[in-house]
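This is what each chain is made of:
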Amino acid sequence: MNTPLLQVQDLRVTFTTGRGAVHAVDGVTFDVGAGEVLGLVGESGSGKSVTLRAIPRLLHDNAAVSGRVLWHGQDLLTIPDERLRAIRGGQVAMVFQEPMSALNPVLPIGMQIDEVLVAHTDMDRAARRRRAIELLGLVGIASAATRLDQYPHEFSGGMRQRAMIAISLAAQPALLLADEPTTALDVTIQDQILTLLLQLVSELGMAMVLVTHDLGVVAETCDRVAVMYAGRLCETGPVELVFNRPRHAYTDALLRSMPGDGAAGAMLTPIPGQPPRIDSPVPGCAFAPRCSYAEPRCTTERPVLTAYAPGHDSACYAATRLPARVEEGAA
Amino acid sequence: MRAVLARIASRPLPAPLLGGLALLAVMVAFTVSPGTFAPYDPLAFDYNALLSPPSAAHLFGTDQFGRDILSRTIAAAAVDLQIALFATIFPGLLGSLIGLFVGWYGGVADAVFGRLVDLVVTFPFLVLVIAIVAILGPGLANMYIAVTAVGWVFYARLMRGEVLVQKSGEYVAAARVLGYSTPRIIFRHILPNAVRPVLVYAVTDMALAILLGSSLGYLGLGAQPPTAEWGVLIADGKNFFTTAPWIVLFPGAAIVLAGLGFSLTGDGLADLLEVRR
Amino acid sequence: MSRGAWLVSRLLQMVPTFLLIGLAVFVLARLLPGNAVMALLGDRGSDEAVARLTRQLGLDQSIGMQLLAFLESVLRGQFGTSLAFRIPVTRLIAERLPVTLMLTGMAIVIALALALPLAFVAALKVNRWPDLLIRGVFQVGLSSPIFYVGLVLLTVFAAWLRIFPVGGYGDTFAEHIYHLFLPAVTLAFSLSAIVMRNLRASILSVIRAEYVDFARAKGLRSRVVLLRHVLRNALIATVTLVGLHIGSLLGGAVITETVFAVPGVGRLMVDSIFARDYPVIQALTLVLAVLVSLAFLVTDLVQMWLDPRVGR
Chain A
565 MNTPLLQVQD LRVTFTTGRG AVHAVDGVTF DVGAGEVLGL VGESGSGKSV
615 TLRAIPRLLH DNAAVSGRVL WHGQDLLTIP DERLRAIRGG QVAMVFQEPM
665 SALNPVLPIG MQIDEVLVAH TDMDRAARRR RAIELLGLVG IASAATRLDQ
715 YPHEFSGGMR QRAMIAISLA AQPALLLADE PTTALDVTIQ DQILTLLLQL
765 VSELGMAMVL VTHDLGVVAE TCDRVAVMYA GRLCETGPVE LVFNRPRHAY
815 TDALLRSMPG DGAAGAMLTP IPGQPPRIDS PVPGCAFAPR CSYAEPRCTT
865 ERPVLTAYAP GHDSACYAAT RLPARVEEGA A
Chain B
6 MRAVLARIAS RPLPAPLLGG LALLAVMVAF TVSPGTFAPY DPLAFDYNAL
56 LSPPSAAHLF GTDQFGRDIL SRTIAAAAVD LQIALFATIF PGLLGSLIGL
106 FVGWYGGVAD AVFGRLVDLV VTFPFLVLVI AIVAILGPGL ANMYIAVTAV
156 GWVFYARLMR GEVLVQKSGE YVAAARVLGY STPRIIFRHI LPNAVRPVLV
206 YAVTDMALAI LLGSSLGYLG LGAQPPTAEW GVLIADGKNF FTTAPWIVLF
256 PGAAIVLAGL GFSLTGDGLA DLLEVRR
Chain C
-5 MSRGAWLVSR LLQMVPTFLL IGLAVFVLAR LLPGNAVMAL LGDRGSDEAV
45 ARLTRQLGLD QSIGMQLLAF LESVLRGQFG TSLAFRIPVT RLIAERLPVT
95 LMLTGMAIVI ALALALPLAF VAALKVNRWP DLLIRGVFQV GLSSPIFYVG
145 LVLLTVFAAW LRIFPVGGYG DTFAEHIYHL FLPAVTLAFS LSAIVMRNLR
195 ASILSVIRAE YVDFARAKGL RSRVVLLRHV LRNALIATVT LVGLHIGSLL
245 GGAVITETVF AVPGVGRLMV DSIFARDYPV IQALTLVLAV LVSLAFLVTD
295 LVQMWLDPRV GR
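So the sequences go chain by chain: A, B and C.
Start counting the first sequence at 565; every next residue gets the next number (my numbering).
Start counting the second sequence at 6; every next residue gets the next number (my numbering).
Start counting the third sequence at -5; every next residue gets the next number (my numbering).
For the record, the hints were derived by calculation from the structure and aren't laboratory data.
C-beta atoms are modelled at their ideal positions from N, C-alpha and C, and glycine is treated no differently.
Do not take every clue at face value.
As the list claims (entries may be wrong) - Output of the computed footprint for chain A on chain C, the stretches with three or more beta carbons under 8 Å from beta carbons of chain A:
| id | stretch |
| --- | --- |
| 1 | 4 to 17 |
| 2 | 220 to 230 |
Stated by the list, open to error - Computed Cβ-Cβ distance ranges for the label pairs, DEER-style:
| id | chain 1 | residue 1 | chain 2 | residue 2 | range |
| --- | --- | --- | --- | --- | --- |
| 3 | B | D115 | C | Q7 | 56 to 64 Å |
| 4 | C | V134 | B | D276 | 39 to 47 Å |
| 5 | B | L98 | C | R49 | 53 to 61 Å |
| 6 | A | A888 | B | D276 | 53 to 61 Å |
| 7 | B | G119 | C | A269 | 55 to 63 Å |
| 8 | A | I835 | C | R226 | 24 to 32 Å |
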């Protein structure tokens, strides 16, 4: 097996706040292979967005980050700023959730594309302009040449997100980090943007980490999935395997609460209770208080990631007791 | 309101606020009992110690008539404290009442008020005050009239905004449904909530009032000699500044410290009372 | 609404503003307690002198006619004759106004030159010693009256060190700058404190904006992120603030010019008050208010240039 493009190892992020330390990300480990689409799933507050932002070191001073983020063998968390800058936007690009606030309101869209090209390519002004027009065309923005001189507020929500994707793609990155790229959009637009992202990823041969709270999106779009809960990684594996044969009680509960997942006639079961507060350390499994499979040691001993199939890891004591959702061989 | 007060009580006072209050306490002490602190009669001439630099006998030195600068600076605290209070209380009261009125009733009065605000802010504050003092004649009383005539606008604008916010609050709608009388709603519900930002603004404004009052005193348009006022003291000594800088330096430092006292207190209160500015 | 239409309507707004300013100054002048003529002549006026001046000032007309006559003369730029200088007020002001404009212009430049970098340092080192030091010094600056700062600078740099002239204005442009430097620094003092405070706060809020994170995610140099993405957005609020403070700057010029004996309109105002030169006081109040409303206009234009959302 080839070395993965990106390896996140034991990533920990702690925020210092007025009321003490918050462990937003608590020992997360996963890999992303070249050309692979990984879905990073969890409820809001599970630490999935923080994990994503920690990868290119985008968190602010109030966050203490430890662990390793290996990109082509170099640790992004420790390399000098100058080298990090070349990787950010050049090899690892990011798409934010909310295009209205992520695009600078006072700069024309063209300039916001141009500055990426200035930072990462040797193109001259004319070539950069041609490239910018080409990029807007690529993401499906019509009459690109006139659009370049317009400002974000002159774009519709969906167009703004397309523009942001164009900016991210400008320097032909190998990995796209997408932070809930469709959540802020109208429902009718969400599908278009998602389809566009997938199409671009496969056309350009990029890898993508797609942060989402929507398991349906993961099922449609991802090769592999990583499930997070309360800052910890619960389960990671190929999408089909995880969806058909979940090895973590939280994944199982999440799948049951998802409508229209194909299991016809199955009742929707909401997960009882609330996610735990993460401003004090949880000794056992963070999901234990809400878990219907919990056993006594779940609240005292923290389960470690264990492999249940090639590339399918889970941290759950109930892994083997969980029912298969689709009988192996039946489908 | 009560929740805010409870939160305040549970918190230690921030250092800048304490510093500001300490400076103001000194100023009040000088005002209440200048004789306790002043080593000399502030008006007594001493021809044996003309323009003498700071020494053990005269800590802040003496002026061209041998008057003790320390004593004069202490004696002047009363007038400047009076300026700080009067030049904010008069416009503050008038402006708050007008702001309450136009905010509550809206309509034509509010529209006229809006134009008036636009008009007043196009005149430089100091120039307008000076022009009015010019018409009325120099002196403290006329200065208060001028400051009130111009300064009420800022309080009214602030109060109007707060009233509008409070008016749209749920509890006012509830009070109306319950059939409470208008005065009761205004004085029991609107005013207590709207008054906080106005009070904080007033304290910060006192710092500006001291600067304004002493500036007019310096120009000869405010307090008139022989009234001891820091700006007047500085104007008295400015011709000797190159040779006897202490005549100017110490009263000036007193203005700076008094201004700091009010602005630190104002900023501290804003944080404490959770007033956004 | 298109930008052009916004611009036209903004310019049209100036007409009622100017009219109201004229009306306000007129009303102010009529508020003179007692008779303006008596105020001017004191007890010395003979009956003919009183009658002549009454006619000269147009005070024998009805109040409506007086207002119309006043507005008409203002439109023609005629403010009568200075009682103290015996020359047309318009000429007097035309001679003195450039001095004050240059003084305030220099003060704005100096204030921004001080405040911009220091606000950045303070914001980037928030709550550490450089921030606390800068804020502390500016807090003291905010509490220092202009005349006091001016006297101290005058004594230290002009009288003792003899680096700068004691006052005046000089003859050439270079001399103007040299003579006005200390006054401009004095005048810049409180503005720079206000701008620093405000800019620091807006940098602190902008720096947490998503578009700044996105700019960093693009791999831009921190200089580009700070100048193009942070500063430009933070300046939008600051421009408004500077515009709003043009009035207090002109007020401050009155005091600064008095301290440094600068022959501008501020000093003219104070001199005129003591000379009871009412035509000059009236004209100056009007001219300064018009200047402020022009400054508001310029502020809006700069705002429009900085922020593409304005006027659309």
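Of the hints stated earlier, which fail here? 1, 3, 4, 5, 7 and 8
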